[in-house]
Amino acid sequence: MIEQPETGGYPWHAPPPRRDLLALTRPEIQGRRAGFVTRMLANVVDAGVVIGVLLGAYTTISIVKFLWAPQAFHFLAPNFAFVLIIGGAVEFVYLTAAWRIWGRTWGDQLLGLRVISFRGTHLRWAGATVRAALCVTIPIGLVWVLVSRENRSAQDVVLRTSVVYDWPRRDQVTS
Amino acid sequence: MRDESGRSRLPAATRTTGRLQPRPAVRASDLAVQDAADAALATTVLAMTVARTVFRVAARTSQEAVRLMPVPSFVRQRARGVVQAARAQGEAQRAVALAEIGRIADAVIPRTVEAVLARTDVGEVAAQLDVDAIVDRLDLDSIVARVDLDPIVARLDLIGLARYVVDGIDLPVIIRSSSGSMTTDIVRGIRRGSADADVAVERIVDRLLLRRAPRRPAAPNRPGKRRSDDRAT
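First to last, the sequence lines map onto chains A and B. Its first residue numbered 1, the first sequence is counted upward by one per residue in the working numbering. Its first residue numbered 1001, the second sequence is counted upward by one per residue in the working numbering.
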């Protein structure tokens, strides 16, 4: 008779190896204010979102214009200042809504960040609006994170807000 | 054990398995018949044994006597012919007797076995068997090793089985979950890398600014006040 070992000869009898979730979630940094690199990357992603929205709008307008008057169709050629203003407006609306509704933009979501008030809660409409306006008009304020002892940007210092590491709950260790 | 109509001639006690069936009571007359039969059988066996012994002794003695006696050659040849004729006759009689015994056995043994089985509870016999001990003594691996699986596999509907297994394991869900897991791992890697880069940049800046006190990155935290609208990645 063949002696069947407990699990040695039949690996499917053994419980599946458990992944080291602790090493993946980095719980020690959750709730800390994020540094410059992470916030910069989040802003780059958000800028990409805004550029995508602008391109989508441009494409939509061009298609409508073509369908409306195919004979006289030509691509729009807006000047740089106009694009900058429209882009700033789109970003302002996007940041305000995202911070108020979800507490994070898509860039923050990808990098695991959250924007909170001095109470530790979501920004209110007024706070989100003012912060979005400051971020759009003075983007260089982010550099203050580098020298701030509390990892705050200029906008954070003015509004007493914080951008913290807050990876979604589903990624954290449950046991 | 079956009659012309195909039905079993065995009683119900034999055809049923498991339950012990009640047996008919034995009468006194049956016991007397059995005693008489036993006595007759014993007498016959004893007589046959004595006759066989006497015959062997007589044959051995006569052979010795004939061998030692000064008999003329023609008489010896005549006697040898008589003996050979008697032997041939004996062989013929023995063949006839064996054929007769066989015919009797063919007629008697089935009825005897049928009668024995009618009085035997097969279920009870089977219940007394130690099947585990029998199985332990068998080398099932060697038995299975002799089995040719190819004809068995050829009779299986492998495509149907494969469809059944694929339906059972819900393959699309597995593919979706695995691709989602890959995306999650990529996002985790980006987050870990950027967090490590944050710490590295902070150290460089603090060293350039000749800071000795560590930073205070702890933020106010009120988890209970947060909205439950996380879009988990």
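Derived from the structure by calculation, the hints contain no laboratory data. Some hints here could point you the wrong way.
Covered, in the sense of this in silico footprint (three residues per stretch, anywhere, with C-beta under 8 Å from a C-beta of chain B), are these stretches of chain A [unchecked claim]:
1) 110-123
2) 128-136
3) 159-165
Every residue, glycine too, gets a C-beta built ideally from N, C-alpha and C.
Could you tell me which of the numbered hints above are not met by this structure, giving the numbers in increasing order?
-> Hint 2 alone not satisfied by this model.
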